[in-house]
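Take the given structure of chain A and dock chain B to it, following the hints.
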Amino acid sequence: MKKKGLFKKRARASDEMSLQITSMADIFTILLVFLLKSASTSAVNITPGAGVTLPASTAESANIEALRIEISENAVTVENEPVLKLEKFTVDPKDSTPEGGSKILSSKLEINRKRQLLIAKSNTDVKVDSKVIIIADQHTPYSTIKRVLASAAVQGYTDYKLAVVNKNQ
Amino acid sequence: MNVSSGGSGKPGSASQDFDLNLAPIIDCFTVLVTFLLASSAFLSIGIMDAGVSASSPSQSQTAPPPIQIKIEIKSGMKLALSTTGKATRSNTFTAKEGKYDFEAIKKELTGLKGSFPTVDAVTLSADDGIEYRDVIDAMEVIRKTQPVVMLGGFQ
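Chains A and B supply the protein sequences, listed in that same order.
Residue numbers for the first sequence follow my numbering, so the first one is 4 and each next one is one higher.
Residue numbers for the second sequence follow my numbering, so the first one is 6 and each next one is one higher.
Chain A with its partners taken away, still in its complex shape (with noise of 0.2 Å):
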């Protein structure tokens, strides 16, 4: 007896309990408002790869389409691919062109340019680009940033865009 009773004092509880949504609604719009406006529109999306500390700069943002060449502290990657392993940094000084480039990189991107080349040729909507984004670590030496830029010059890309972290923002 004493047990149904209150059972019946729980089911008078819980009747009125209601979600107030209408707030809830306006909080997702506020949301959805703030990550529309700081969404970004590019199609290429500039993250620079684990281990990777940009150096900092005023440099605005910009939607740049371009090869992405990404130096890390053990690798140089052409559009998220490992082509050339450093070691702390470095290049190993034997794989060096006459122009003080990279012969592995050099050759990579040939093939990079060589496609977009072609890509151009067929489709005079698409024009062969020298812009090239460069994603390097912080505390990358300036001789194998020399040596990056140079094997991208002998290719055609003369024109870099060095990617940094912007202090504004």
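Since the hints were derived computationally from the structure, they do not count as laboratory data.
Some hints here could point you the wrong way.
Claimed, not checked - In silico lysine to any residue, SDA-like type, Cα no more than 20 Å apart, as pairs:
1. LYS170/A with GLU145/B
2. LYS75/B with THR99/B
3. LYS164/A with SER130/B
4. LYS75/B with ALA109/B
Stated by the list, open to error - Far from chain A, some chain B residues (derived; all Cβ distances over 10 Å):
5. SER120
6. ALA126
7. GLY134
8. MET144
Stated by the list, open to error - Quick list of simulated restraints, FRET-style, between CB atoms:
9. LYS170/A with ALA126/B: 53 to 61 Å
10. GLY54/A with SER49/B: 40 to 48 Å
11. LYS170/A with SER80/B: 35 to 43 Å
12. ASP125/B with GLU82/A: 30 to 38 Å
13. SER41/A with LYS111/B: 27 to 35 Å
14. GLY103/B with GLU113/A: 15 to 23 Å
15. ASN77/A with ASP133/B: 14 to 22 Å
16. ALA53/A with THR89/B: 40 to 48 Å
Ideal Cβ positions, reconstructed from N, Cα and C, are used throughout, including at glycine.
Then chain B, alone, in the frame of chain A:
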């Protein structure tokens, strides 16, 4: 949520109040917010323009600027500025309070800009061991007076 649509307000008239079902809207918003949060980049990436400073036969077709400015970042936190052409000078700035003396470089470049306003390019090079962040810091200082920075030191 109660929404009233053009009711006359007269007592006894048929009520046109209805409940807007917010649950599916919330569902859509949840999916959208999750997608946007997952795809958004929280790191704001900036882009610095740089060219390559290398001599080639095709470059001689354009008239050369009155002076060529060259800045070198040397080991031991030294900065060397040299100009060739109509004005020849060479200065080396040692570190100040354990930092590169970028203020001195800025002052020099401002002076050169006043004397030669048509000059808008600087060739920047660095010793082999100099870190990339120091090159970027130097570029940032240079860009305030000379918008075009060419990276040099190639073979």
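These are the hints, each one checked on the structure:
For the suggested pair LYS170/A and GLU145/B, the alpha carbons sit about 12 Å apart, so the restraint of at most 20 Å is met. Taken as a hint, the LYS75/B and THR99/B pair is honoured in the structure, with Cα atoms around 17 Å apart against an allowance of 20 Å. A C-alpha spacing of about 17 Å is found between LYS164/A and SER130/B, which places the hinted pair at or below 20 Å, so the restraint holds. Restraint check for LYS75/B and ALA109/B: the C-alpha separation of about 15 Å stays at or below 20 Å, so the hint holds.
The claim that SER120/B is not at the interface with chain A holds, since no C-beta of that chain comes within 10 Å of its own (minimum 27 Å). A cut-off of 10 Å between C-beta atoms confirms that ALA126/B is not in contact with chain A; the least separation is 14 Å. With a minimum CB-CB distance of about 5 Å to chain A, GLY134/B fails to clear the 10 Å threshold, and the non-interface call is violated. The claim that MET144/B lies off the interface is violated: its Cβ sits roughly 8 Å from the closest Cβ of chain A, which falls inside the 10 Å cut-off.
The hinted range of 53 to 61 Å is not satisfied by LYS170/A and ALA126/B, whose Cβ atoms lie roughly 24 Å apart. Checked against the hint of 40 to 48 Å, the pair GLY54/A and SER49/B fails, with Cβ atoms roughly 20 Å apart. The hinted window of 35 to 43 Å between LYS170/A and SER80/B is violated, with their beta carbons roughly 26 Å apart. The hinted window of 30 to 38 Å between ASP125/B and GLU82/A holds, with their beta carbons roughly 33 Å apart.
One distance hint, 27 to 35 Å for the beta-carbon pair SER41/A and LYS111/B, holds here, with the actual separation near 33 Å. The hinted window of 15 to 23 Å between GLY103/B and GLU113/A is violated, with their beta carbons roughly 44 Å apart. At roughly 19 Å, the beta carbons of ASN77/A and ASP133/B sit within the given window of 14 to 22 Å. The given range of 40 to 48 Å is respected by ALA53/A and THR89/B, whose C-beta atoms sit roughly 44 Å from each other.
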